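J.: So the sequences go chain by chain: X and F. Just so you know, we're using the numbering used here here: the first sequence kicks off at 1 and counts up by one. Just so you know, we're using the numbering used here here: the second sequence kicks off at 1 and counts up by one.
These are calculated hints, taken from the structure and not from any lab test. Some clues are possibly wrong.
As the list claims (entries may be wrong) - With a cut-off of at most 30 angstroms between alpha-carbon atoms, the simulated DSBU-like pairs for lysine-lysine come out as follows: (1) Lys179/F with Lys100/F; (2) Lys98/X with Lys115/X; (3) Lys430/X with Lys347/X; (4) Lys374/X with Lys324/F; (5) Lys170/F with Lys115/X; (6) Lys100/F with Lys191/F; (7) Lys191/F with Lys170/F; (8) Lys430/X with Lys539/X; (9) Lys324/F with Lys33/F; (10) Lys347/X with Lys227/F; (11) Lys98/X with Lys191/F; (12) Lys324/F with Lys170/F; (13) Lys170/F with Lys98/X; (14) Lys191/F with Lys324/F; (15) Lys539/X with Lys12/X; (16) Lys179/F with Lys191/F; (17) Lys227/F with Lys539/X; (18) Lys347/X with Lys324/F; (19) Lys227/F with Lys215/F; (20) Lys227/X with Lys238/X; (21) Lys215/F with Lys100/F; (22) Lys33/F with Lys374/X; (23) Lys324/F with Lys179/F.
As the structure is a prediction and not an experimental result, all values here were calculated from the model.
Listed below are the residues making up each chain.
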Amino acid sequence: MEHENKSPWWQKALQSGLIGGIIAILAALIGMVESFHARDIIAGQISMGETLLLLLIVGFAYTSSRDERLPISNRVLSGVITGVVIAVMMVGFIMLGKVVNLRSILVNASPVLYKILTFDMENASAAYGYLIGISAITSLAVSLIHAIPPLWRRAINTGFTIVLLLALLQDLLRITLTPFPAVTEALAWMFGKRGEQGLSVVGAVVVFIVVAGFNLLSAMNRDAIRKRSQALPSGTQKALRWTSWGLLAAFLLIWPRIAGPVLSDVTNSVGLYILMGLGLNIVVGYAGLLDLGYVAFYALGAFTMGVLTTTGGEIFFDFQWTFWEALPFAVLVAGLAGVFLGIPVLKIRGDYLAIITLGFGEIIRIMFLSDFLKPYFGGSFGIVSIATPTVGSTLLNTPQTLYYVILAACLVALFVAYRLRDSRIGRAWKAIREDEDVAQAMGINLTSTKLLAFATGAAFGGLSGAIFAAKLSTVYPHSFTLITSINVLALIIVGGMGSLPGVIVGGLLLVGLPELLREFSEFRLLIFGILLIAMMLNKPEGFLPEAVHRREFHEDENLSPATGD
Amino acid sequence: MRQRFLNRINFTDVSLAIIGTAFVGLIVVGSFKTLVEGNYTTRQWLDFVVFGIAQGSIYALIALGYTLVYGILRMINFAHSEVFMAGSYTAYFAAAAMAKSGFTRENTLGAILVLFAVAMATSTFIGVLVERIAYRPLRRAPRLVPLITAIGASEVLKYIFKGLYGDQFKAYPEIEALKGSYTWGDINITKIQVVVILSAAFLMLALYLYVQYTKTGKAMRAVSEDKDVAALMGINVDAIIVRTFVLGAALAGAAGILYAITFRQVNFFMGFIPGIKAFTAAVLGGIGNIPGAMVGGIFLGLFESVGPILFLDGLNVPAPYQLKDVIAFSMLVLVLLFRPSGILGERLSRNKA
Numbered sequence: 001m002e003h004e005n006k007s008p009w010w011q012k013a014l015q016s017g018l019i020g021g022i023i024a025i026l027a028a029l030i031g032m033v034e035s036f037h038a039r040d041i042i043a044g045q046i047s048m049g050e051t052l053l054l055l056l057i058v059g060f061a062y063t064s065s066r067d068e069r070l071p072i073s074n075r076v077l078s079g080v081i082t083g084v085v086i087a088v089m090m091v092g093f094i095m096l097g098k099v100v101n102l103r104s105i106l107v108n109a110s111p112v113l114y115k116i117l118t119f120d121m122e123n124a125s126a127a128y129g130y131l132i133g134i135s136a137i138t139s140l141a142v143s144l145i146h147a148i149p150p151l152w153r154r155a156i157n158t159g160f161t162i163v164l165l166l167a168l169l170q171d172l173l174r175i176t177l178t179p180f181p182a183v184t185e186a187l188a189w190m191f192g193k194r195g196e197q198g199l200s201v202v203g204a205v206v207v208f209i210v211v212a213g214f215n216l217l218s219a220m221n222r223d224a225i226r227k228r229s230q231a232l233p234s235g236t237q238k239a240l241r242w243t244s245w246g247l248l249a250a251f252l253l254i255w256p257r258i259a260g261p262v263l264s265d266v267t268n269s270v271g272l273y274i275l276m277g278l279g280l281n282i283v284v285g286y287a288g289l290l291d292l293g294y295v296a297f298y299a300l301g302a303f304t305m306g307v308l309t310t311t312g313g314e315i316f317f318d319f320q321w322t323f324w325e326a327l328p329f330a331v332l333v334a335g336l337a338g339v340f341l342g343i344p345v346l347k348i349r350g351d352y353l354a355i356i357t358l359g360f361g362e363i364i365r366i367m368f369l370s371d372f373l374k375p376y377f378g379g380s381f382g383i384v385s386i387a388t389p390t391v392g393s394t395l396l397n398t399p400q401t402l403y404y405v406i407l408a409a410c411l412v413a414l415f416v417a418y419r420l421r422d423s424r425i426g427r428a429w430k431a432i433r434e435d436e437d438v439a440q441a442m443g444i445n446l447t448s449t450k451l452l453a454f455a456t457g458a459a460f461g462g463l464s465g466a467i468f469a470a471k472l473s474t475v476y477p478h479s480f481t482l483i484t485s486i487n488v489l490a491l492i493i494v495g496g497m498g499s500l501p502g503v504i505v506g507g508l509l510l511v512g513l514p515e516l517l518r519e520f521s522e523f524r525l526l527i528f529g530i531l532l533i534a535m536m537l538n539k540p541e542g543f544l545p546e547a548v549h550r551r552e553f554h555e556d557e558n559l560s561p562a563t564g565d
Numbered sequence: 001m002r003q004r005f006l007n008r009i010n011f012t013d014v015s016l017a018i019i020g021t022a023f024v025g026l027i028v029v030g031s032f033k034t035l036v037e038g039n040y041t042t043r044q045w046l047d048f049v050v051f052g053i054a055q056g057s058i059y060a061l062i063a064l065g066y067t068l069v070y071g072i073l074r075m076i077n078f079a080h081s082e083v084f085m086a087g088s089y090t091a092y093f094a095a096a097a098m099a100k101s102g103f104t105r106e107n108t109l110g111a112i113l114v115l116f117a118v119a120m121a122t123s124t125f126i127g128v129l130v131e132r133i134a135y136r137p138l139r140r141a142p143r144l145v146p147l148i149t150a151i152g153a154s155e156v157l158k159y160i161f162k163g164l165y166g167d168q169f170k171a172y173p174e175i176e177a178l179k180g181s182y183t184w185g186d187i188n189i190t191k192i193q194v195v196v197i198l199s200a201a202f203l204m205l206a207l208y209l210y211v212q213y214t215k216t217g218k219a220m221r222a223v224s225e226d227k228d229v230a231a232l233m234g235i236n237v238d239a240i241i242v243r244t245f246v247l248g249a250a251l252a253g254a255a256g257i258l259y260a261i262t263f264r265q266v267n268f269f270m271g272f273i274p275g276i277k278a279f280t281a282a283v284l285g286g287i288g289n290i291p292g293a294m295v296g297g298i299f300l301g302l303f304e305s306v307g308p309i310l311f312l313d314g315l316n317v318p319a320p321y322q323l324k325d326v327i328a329f330s331m332l333v334l335v336l337l338f339r340p341s342g343i344l345g346e347r348l349s350r351n352k353a
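Go ahead and model the full structure; you've got the sequences and the hints to work with.
T.: As structure tokens, then:
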């Protein structure tokens with residue numbers, strides 16, 4: 001029931017400026033600006049903290065100048081109003097902060113913050129003018145973008161996005177290029193001087209021009225390119241496809257050599273999360289059963305691995321198996337636990353299922369933590385000296401070698417999930433997700449189908465947990481909090497529920513990126529939360545959606561709205 | 001005949017019956033053994049009971065927020081635990097300032113009222129904000145969608161407050177006038193517990209009267225019956241939903257103060273456990289049912305304070321108090337399994353459950 005907003009355009013612009021200003025001040029007060037300031041986007045010129053504020057201005061100016069019913073002059077004006085209001089509010093905040101000591105309550109309102117916000121300028125009023133001026137210019141430029149043709153607009157957007165990504169991911173790029181000194185040398189102009197972070201000014205401009213130009217050219221000739229590639233003989237097309245798969249496989253195989261230990265370790269965490277994501281994707285994405293206690297299975301896999309292989313002797317059990325002997329059991333235990341925890345919740349749906357599984361996750365964690373089970377699982381100290389995987393006589397104890405174990409596990413899980421998707425059972429899961437009662441009426445056995453979803457999902461989680469235990473060679477209950485469940489849920493939702501490429505992209509984005517950008521990690525869950533809300537409001541099907549889901553979420557745009565409940 | 005009987009029982013019901021019997025068996029055996037061993041005096045048991053009632057009335061206040069929103073929107077407001085935290089955490093600064101200036105000592109009642117006002121105002125603001133941003137645009141979306149935004153909102157609020165106020169535990173200043181306790185025979189009750197129980201009872205009574213006897217209350221009940229028909233009857237549904245959030249959030253803010261004067265420690269993560277327990281309480285009493293939330297809260301508080309000792313001590317479980325959360329969550333599971341409508345709830349139709 002969307003009410004038509006009748007307020008005049010300038011009032012809306014003012015409003016969105018006020019909201020933007022509050023968000024900008026909040027971003028400063030929770031310490032985001034200050035901690036992002038430590039990283040440079042353009043070496044010595046623009047820091048990530050300033051970029052954050054700029055992006056806020058850009059975003060708000062863009063949305064407030066989007067209303068196509070207004071004449072272009074009014075649209076530009078509303079964009080500028082929004083930008084200026086944001087800047088004025090920031091200035092007001094800085095002035096207030098200099099008079100009142102906010103720090104006694106708000107821990108992040110430090111002198112450093114004000115210094116960042118006033119660009120380290122001595123003269124306060126000059127700084128305020130500068131802030132408002134920059135904001136006005138930026139919002140003017142952003143609003144004017146509506147006046148240029150969409151093809152160009154897209155090229156400019158892509159150019160800026162790539163520059164930003166490149167600047168954020170420069171560490172990754174620098175590390176991966178280390179084995180190739182020639183390339184490093186050749187690209188030296190792109191980055192700031194030694195010891196500096198960020199792109200150089202020249203680098204940023206060149207990258208922007210190249211990317212935007214390429215995007216523009218390919219967009220202009222898109223039809224011609226498509227026609228030519230379709231005109232290729234089918235043999236060549238096939239060969240091309242196989243070559244690209246082959247290249248991907250080769251890249252995956254040599255990745256740890258390029259990446260070095262630190263990046264390999266990051267990749268391994270991403271892999272473990274992708275593994276969990278694939279499992280939860282079966283439960284939530286395929287079968288539509290919202291499980292918030294997924295970490296329980298991860299924990300069970302890890303503890304089974306711990307109990308079966310530990311040589312520490314602190315606990316009651318003394319199996320001392322090898323990694324490979326214990327692995328199937330870890331998966332099995334997690335899968336069985338999936339069935340056992342699944343049985344009681346068979347009849348429970350939706351919100352209740354979410355809260356009850358959340359309860360299960362907590363129960364399992366508290367049990368592992370308790371004195372009651374301490375003789376078996378080591379209480380809060382957990383289990384130490386867990387076996388590392390071996391191949392022949394080589395220990396796979398470095399991140400670079402363990403990578404292959406995780407890669408293999410991911411590939412197996414991906415294959416299983418892919419084959420299950422369109423199988424009989426996969427279609428049964430989707431039927432349950434769409435409508436349980438109808439599915440049952442169509443002859444689907446709800447009990448076995450749901451339990452199978454829980455068991456398969458749990459088994460993937462267990463596999464991930466088992467490798468996690470071997471990776472750290474210790475497990476303790478504090479690693480298995482609700483936060484892990486939320487992380488996994490966020491990654492499958494951002495990627496697109498039910499979509500396999502979505503899980504991988506989600507894992508790379510939500511686990512890989514925060515690990516690379518340590519400034520992010522403090523605000524990781526905050527950003528995840530914002531992502532979850534923003535995704536659900538604007539793009540509930542995720543970035544790489546499954547076709548069915550996309551149709552489902554945009555149903556009302558095709559059908560008449562009267563059919564809603 | 002035999003075949004027909006076999007057809008009628010199904011796997012789910014049988015396994016549920018087994019789980020239920022096992023739980024009841026454990027509880028009965030455990031309680032029996034504990035009582036026979038008699039390691040605890042009557043006085044100790046009464047202490048547990050009093051503590052349970054005080055704790056339970058805090059749960060009940062939070063549970064009312066879940067129940068009110070569920071009654072109207074049929075959704076679990078996952079961010080409610082953070083609404084509770086926001087009030088309590090923000091009021092800490094008022095408490096610290098008043099303790100420092102000596103106002104708390106001179107005018108204790110005034111100071112406590114100020115605390116309540118600060119906490120309830122903050123919580124209300126946050127609650128309404130969450131409704132506006134995360135729930136209102138999604139009124140007609142599939143049910144999974146608002147649930148996920150609620151989880152997102154909960155994380156966002158947690159970490160915004162962490163960023164604003166820092167991540168350390170903050171110790172609420174002690175209130176002089178609330179030290180000490182009253183004793184009648186074997187019953188020993190601290191002054192803080194008296195304050196907690198009385199204020200919770202007062203607020204719950206006020207809410208009950210408001211919902212039963214005012215025009216807004218009537219409109220709220222109408223909206224919870226059927227939104228569309230209520231709108232046709234001239235009720236502004238959105239405005240009523242906002243008022244519902246206001247009521248729930250204000251009660252959560254008050255609960256935040258009661259929690260803070262009882263446990264005297266606040267931090268950004270404090271909402272999670274009380275939040276999920278209060279949800280349990282709401283389910284226990286019958287979600288969507290206001291007296292149910294009150295009864296459920298008290299019940300859960302009692303279970304949690306008496307339960308670990310009563311059920312587990314006899315089974316020789318070391319440190320049974322560590323497992324009190326397990327008992328609370330198991331209660332949730334058992335209630336959802338065997339009586340999803342709760343103690344006082346009406347039989348839920350299938351699309352509600």
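J.: Each hint should be assessed against the structure and marked as holding or not.
T.: Evaluated hints:
no. : hint                   : verdict
1   : Lys179/F with Lys100/F : holds (18 angstroms)
2   : Lys98/X with Lys115/X  : holds (11 angstroms)
3   : Lys430/X with Lys347/X : holds (17 angstroms)
4   : Lys374/X with Lys324/F : holds (16 angstroms)
5   : Lys170/F with Lys115/X : holds (28 angstroms)
6   : Lys100/F with Lys191/F : holds (22 angstroms)
7   : Lys191/F with Lys170/F : holds (22 angstroms)
8   : Lys430/X with Lys539/X : holds (20 angstroms)
9   : Lys324/F with Lys33/F  : holds (19 angstroms)
10  : Lys347/X with Lys227/F : holds (27 angstroms)
11  : Lys98/X with Lys191/F  : violated (43 angstroms)
12  : Lys324/F with Lys170/F : holds (24 angstroms)
13  : Lys170/F with Lys98/X  : holds (26 angstroms)
14  : Lys191/F with Lys324/F : holds (25 angstroms)
15  : Lys539/X with Lys12/X  : holds (24 angstroms)
16  : Lys179/F with Lys191/F : holds (6 angstroms)
17  : Lys227/F with Lys539/X : holds (26 angstroms)
18  : Lys347/X with Lys324/F : holds (26 angstroms)
19  : Lys227/F with Lys215/F : holds (16 angstroms)
20  : Lys227/X with Lys238/X : holds (16 angstroms)
21  : Lys215/F with Lys100/F : violated (43 angstroms)
22  : Lys33/F with Lys374/X  : holds (23 angstroms)
23  : Lys324/F with Lys179/F : holds (27 angstroms)
Violated hints, in rising order: 11, 21; the structure is consistent with all others.
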